[in-house]
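Residue numbers (the numbering used here), protein chains in the order written: chain A, 1 to 154; chain B, 1 to 128.
Treat the hints with care, as some may be off.
[What the hints assert, rightly or not] Reference listing, derived: stretches of chain A covered by chain B, where coverage requires no fewer than 3 residues with Cβ under 8 Å from a Cβ of chain B:
id	stretch
1	63 to 76
2	94 to 100
[What the hints assert, rightly or not] Away from chain A, derived, C-beta distances all over 12 Å, residues of chain B:
id	residue
3	17
4	46
5	49
6	101
7	111
What the hints contain is simulated information worked out from the structure, not anything from laboratory work. The beta-carbon is built from N, C-alpha and C at its ideal position, and this holds for glycine as well.
Chain by chain, the residues:
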Amino acid sequence: MITTYTENIHDIALNTFEVTCFMFPMDEWEIEEDELEYPDGSTRSIVEFEGAAQGAMMINPNDSLLTAIAANMLGIDEPSEEEKEGALCEIANIICGNTVPIFAKDDKICVIKPPRIAEQDEDAATLFPNLHHEKVNVLLDEGIVEISIYVEQD
Amino acid sequence: MAINILVVDDSAVMRSMIKKTIRNSGVEVGEIFEAGNGQVGLDILAEEWLDILFIDVNMPIMDGMEMLARVRKNPDTVDLPILIVSTESNPERIEKIQKLNAGFVHKPFTPEILRERILEALGVLESQ
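With the rest of the complex left out, here is chain B (with noise of 0.2 Å):
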């Protein structure tokens, strides 16, 4: 079954980038919508039906954090898979995005790594 998705991220670049590495990673795509900020990314997951979301973490005017904090606030998206992408190496900040229920891609990633965490996050996979 093709997946829809999010990308959240205020570089245009890296938003290519991650659409250009999840079509190479042999999942299965249906619609990939855009947004460069937290704000917009929440009116699009609103109006559109999203199987997984990719939010960055650094980004103006609503950063990844709160953004996935909102998400989760949301009863009708609080379980929705989601993967933040960043290089944070923090072990606090991956555990305080762990404990809101979302997985985490290091940058920078491979096709292979990206179809990993999204068949984990989408419980096809079992997480490490």
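Same shape as in the complex, but just chain A (with noise of 0.2 Å):
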């Protein structure tokens, strides 16, 4: 069986959300329509990655899922704005860092660059051009997240 860049990022992203904010995944069909918020772009987490690959991640998670990775996170029930980016980056990190090796070309270590917020017009395909692009949505009980990463390759 041959599995994808996009199956493959999806399986660490779900795992992750599973392990560090007990999430758990949702088909479309059980969401229901006027409850699917895909994600706005309103808070967005970049990682830069370089050395045995070369380009970036980016988080875009909708409002709620935010809130909830943050307060699953810090084990609190109203987390701030700047709690929120924070838990956000985390995961972004740990997404990341478990993807890249993915897309290794040798033996070299990969250097995970610092998380950072997303500025609001910051667009990825204008930082990131002429580089490979994968994106992937998954959907969990507390909200949905698009992952998008942008890698050099030969």
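Combine the two chains into a complex, taking the hints into account.
Structure (structure tokens):
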């Protein structure tokens, strides 16, 4: 069986959300249409990487998921904006750190740079032009996250 | 016996998460100290009685690998149990960590895995 990059990213993301935030995967048919709130890009985390693989990952959760990530990771009911952004960056770091080796060209170390919150007007396609792009939506019981990876390929 | 722990990570969220997971692991915990980089970690280590350290790899000012090397150079802490917490999967990097007599916790981790690694590092469980 051939596993595609998007399947790998999806599985890594699901495992990260399950282990770190106690969330569970959902199928689209399990969610009511009016609850299917796709991310609007208002809070996104970018993690760049270099070394054995070069590129960047962008994690874009919807509002309900963003709050749930911080609440579950920190064990608090009402996380602040700063806590939400910090938790999103940490999730992005874990997902990216586990994903990048899939794209590694050799045995060199993959250097994962510190995650950051994207500016509102930052466009990943403009930031990382000419890179191979894979995108996957992950549906969870607490919300939806869109994960994009931009990676240099030969 | 309750153990004193130092968590060294530049992410406040990750420090909170590690602390929460340690408390959920069933290990009897005394005090948990926190540091945002290796230098602050070394300062706390010089002042406090600690049973085990959790160290992140990528941090500003002093990263985890440098902190680990410095702790091992000090005769007082040469055998102190240490766990490196990272998403790292490069075998060379992991081997380097193990050569410095430190355990490795791969992110993401469950309370059960953390408990196992802590007990291994403390010599209560035999490492696999």
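*Since residue 46 of chain B was said not to touch the interface, does its Cβ keep a gap of more than 12 Å from each Cβ of chain A?*
27 Å, holds
_Please verify the coverage claim for the stretch 94 to 100 of chain A: does it have three or more residues whose C-beta sits within 8 Å of some C-beta in chain B?_
Coverage by chain B holds here, the residue count being 4 at a Cβ distance below 8 Å.
_Proximity test - 8 Å, beta-carbon atoms, the stretch 63 to 76 of chain A to chain B, at least three hits_ = holds (count 4)
*No chain A beta carbon within 12 Å of residue 101 of chain B's*: 21 Å, holds
*With d taken as the least Cβ-Cβ distance between residue 111 of chain B and chain A, does d exceed 12 Å?*
Violated, since 10 Å does not exceed 12 Å.
*Beyond 12 Å from every chain A Cβ: check whether that's true for residue 17 of chain B.*
5 Å, violated
_Assertion that residue 49 of chain B lies outside the chain A interface [Cβ separation over 12 Å]_ = Label holds. Min Cβ-Cβ 27 Å, cutoff 12 Å.
When held up to the earlier numbered hints, the structure conflicts with 3, 7 and fits the remainder.
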